[in-house]
Amino acid sequence: MAGERPCLARLLSLIERQPQVEADVRQALASHAPQAVVIGVTGPPGAGKSTLISALLSLSTASFGKTAVLAVDPSSPFSGGALLGDRVRMQNHGLGDAVFIRSMASKGENGGLARTTATAIQVLDACGWPLILLETLGIGQVELDVMDLATVVTVVLNPGWGDTFQANKAGLTEAGDIFVINKADKPGAEQTRADLQDSLSLLQSPVPIDIFETVAVTKEGLETLWLGIEAYLKTASEIGLIVKKLASRRQRLLLRTIQRDIEARLQAYWASDRGRAQVQRVLAGDRTLEALQADFFIQLHPQPHSERSS
Amino acid sequence: MTQNPTDKPVTCTSGIELKPFYTAADIPEQHRPHVNVAPGEAPYHRGFHPSGYRSKPWRIFQLSGFGKPEDENERIKFLLKNGETGFIMEHDRNTADHCYNVNHPDVVARREDVGLSGAVMQSVRDTAICMDGLPVDTSFGHAGGAVVQHAPFALAAYWTVAKQRGFDLSTISGTGQSDFNLTYLGCVTKEQIPTQAGLRFNADIMEFCHQHLPRWVPVSIAGYNAADTGLTPDQELGVLFANAVEYLDEIQRRGNMSLVEAARGCGGVSFRASIHIIEEACKMRAARLMWNQLLRERYNITDPKVGNLRIHCVTAGSKMTYQQPLNNIVRGTVMALGAILGGVQSLGVSGYDEALSIPSEHAHQMSLRIQQILQEETGIADVTDPLGGSFYVETLTAQLIEKAWAFFDAIQQQGGYLATLDSGWLHAQAGENQYQEFMKTESGEQKVIGVNCFKDDESPFNVDGFMGTDDAFDVATERLNDVLRTRHEHGAARALKQLEADCRTDKNIMPAMMDALAAEVTLGEIGDVYRDVFGNWNTPIQT
Amino acid sequence: MDNAQKRILMAKTGLDGHWRGPTIVARALRDAGFEVIMIGMAKTDDIVRSAIDEDVDLVGLNVGGHIDVAIRAIENVQKARPDLPIFAGGTIPPYAAKQLEALGVEVYPPGSQLTDIVDAAERLTGRT
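Residue numbers (this note's numbering), protein chains in the order written: chain A, 1 to 310; chain B, 1 to 543; chain C, 1 to 128.
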């Protein structure tokens, strides 16, 4: 696929705005084997994800030649708009065209990603971007779609994290392949490491899960972290983990796509005259739920030459 | 305010409700005993000297600077000739704020801005040009170290030149600034040292001055930038004293210098003078009382000489409108009056073209004339604390004090002033206030003449905005190359290494800084050391 | 919510860190349904690159200081994306405003109504 930059940028916009374009692109890329490494960076707000990504760019670009960053921020539930603001910290990379930064608004999706993030990643991959840093907000189990899309998930926390996010701990600890305690110069880093190690030991991970300490604003610990990420990628690929994950990712994407299609059609059915009539009849006790479901499925795939009595 | 129905509450900027009129019964009980004291008596809200401006008029002190060091030198001399009684050496902000040399890519990308807001001074040679022929010994010089990370360089440059000129450092008077509210709150730079490192710098400066420059005011806590960023007068007071506490506590922790001396060094502060002039005058009165209360209750210092709070004031730049700029002459005059009624010790009036650019020569002159007319023609300087005893003023002063302490307490509860900068809490307060104020102007609820009402006006002449000179960047580049080429490289390298070593330990950095300036180390080289040693402050907001 | 997918790039051309004005404008635009991408104090190269990579529908520049700095950024953005509208606010004296307008840039000096700025954004991104 031609890699002209403005075209890439425009395509990413079209995918977001026109579902048909997204569908066409997914179709076109269906047989394209994913090659890009996707490093998911997630964690609670204020953890320092953007600063960390910013500091990693020179290391990642030295390793991979170029780096794309996809940064997802929440949309306002009131206006549908979004402030995609943390780009400020990323601008100082000084690496010129070797870095491609793209902001996406989540548009009401609950998983921490935009609906079209998966396709955006496919496009970047197909356009020859070997490494994609995917930044999302991760607070709890609802925001962990990043797991499905990333080759390696980096969870960024701060000292004292264990105290405030009790209910969500399980979600984040399950999601991460690598953990980073950022702002490690603040008190409580050791305790947080201990807490984390306790939680992680309960999981059964085929690959050891490392915990790194960084102070992103002074770049302390960044090189060690990057080496750790590269080591993870190597080990995981050696035991075939990455291939397995990519395969399961493609499967999950497929499933997700079908789910969305069905959801959309269900909404359409529900709003249609026929659908509304059926629902009223069920509510009046005049028809069973099973019959309603059956009617919906018929609408999904009408049999030619078949007239079902209603 | 002419259409305000009498049943809608009227508040001042601090949110305190104002009555249509006041009587003695309105004065809060705890404040009543203070009303009838004389200036020079505790609790000092009326001032520290009974003779007030009769014995010492306020200093006319205007910010001035642009272009090459020689251009700034010329403008300072112009102002001194026209009646200014102190001078402020403003550094170019593109280089100074970030401690970059002119060849830094971020500066080169904006080369036309270089020299716009101050002269480029990258080495002691530039500072020498800027200070040429200035009355260092008889005038009160502000060395231009407004930005915390830049201050050690600016001060050391000034003092090194003074030394080279044969002045005895122990006799010269002047001031530094090192204002946290400037780059950590109001005008957040792309990168700067973390707040803790900044505190270290300021304490180092205080200790160094104590030893070597006893007549120099080492730091000047500034409320101006807190206020112009959105904090209300009560919050401006609270923040200023919370800032002072950080310095005093740090000095106390170090144990190298007496707290009394440190407090004396902290006693030169600055405030903004905005346009609700009675409230602003009350703010100054409140400040004097609060300073003494803080010293007494928190640090057990009761020496009235130490409690002598010297206030420098600058009129609110953000109140100057872009539309119908000549109206701003009135605004400047009125805000200056508020400051004078509050009994400040020195005053700078914003130029009428502030919303368009840096002051033109005419606007600068206008600012001087405003002060001179107030000083000489109005009789306002004849009586100390003329508003004292007014039922309204005494009530509002007391109410401001209470609200200010509440804000101070809120800051302390979060771990202190630096903590509220690091967390972005102060920014959130300021931002919210700004937003409210903006909305009031937008809706017309707050009338601003010429902006949202009475918009059609024929100006007698065009006010176009002054753009400085256009050779500042080129000359600065040449001079940078000159210094790097002709200085004694070995000595400079050694001095820079020593400075870095001292930065890494907790030694006072000022002696090494003085040596570095004398060895002609440049600003950008020093900035690089800072970035390497201290890293970058994690800004809590988008800039 | 027609604005929901219109993207606006906001950048400052100078090295001046005042943040209140741009923040108020950014929030108003967000509240009007725009996706606002803020890159802060940015050099011409960075502004152009972001304008391309983020495929924005409008560029908003906060300008102060010497107008040539802004003009350089504007001309480069226009070269890279000729159809991309640009509007500017900040400390812009009248003679400088004229220069920007001559380049096709709409200027909103201090005292401009926020509703005018939001309306302009809607108009320039093809909403109304």
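Any given hint could be a false lead.
Stretch-level coverage of chain C by chain B, calculated; a stretch enters the list once three of its residues show a Cβ under 8 Å from a Cβ in chain B [to be verified]: (1) 16-22; (2) 28-41; (3) 93-99; (4) 112-125.
DSBU-like mimics (lysine-lysine), calculated; alpha carbons at most 30 Å apart, straight line [claimed, not checked]: (5) A:Lys186 with B:Lys497; (6) C:Lys98 with B:Lys447; (7) B:Lys497 with B:Lys163; (8) B:Lys507 with A:Lys219; (9) B:Lys8 with B:Lys497; (10) A:Lys234 with A:Lys107; (11) B:Lys56 with B:Lys77; (12) B:Lys19 with B:Lys319; (13) B:Lys190 with A:Lys186; (14) B:Lys19 with B:Lys497; (15) C:Lys43 with C:Lys79; (16) B:Lys8 with B:Lys447; (17) B:Lys305 with B:Lys440; (18) C:Lys79 with C:Lys98; (19) B:Lys190 with C:Lys43; (20) A:Lys219 with C:Lys79; (21) B:Lys77 with B:Lys319; (22) B:Lys319 with B:Lys403; (23) B:Lys507 with A:Lys186; (24) A:Lys66 with A:Lys244; (25) B:Lys190 with B:Lys319; (26) B:Lys319 with B:Lys81; (27) B:Lys19 with B:Lys8; (28) B:Lys497 with B:Lys190; (29) C:Lys43 with A:Lys66; (30) C:Lys79 with B:Lys319; (31) B:Lys455 with C:Lys98; (32) B:Lys403 with B:Lys8; (33) B:Lys190 with A:Lys219; (34) A:Lys219 with B:Lys319; (35) B:Lys190 with C:Lys79; (36) B:Lys77 with B:Lys163; (37) A:Lys234 with A:Lys244; (38) C:Lys79 with A:Lys66; (39) B:Lys81 with A:Lys66.
Treat the hints as calculated values from the structure; they're not laboratory data.
If you're wondering where the values come from, they're calculated on a predicted model, not measured in any experiment.
We put the beta carbon where it would ideally sit given N, CA and C, even for glycine.
So which of those numbered hints doesn't the model satisfy? 9, 10, 14, 17, 20, 30, 34 and 39
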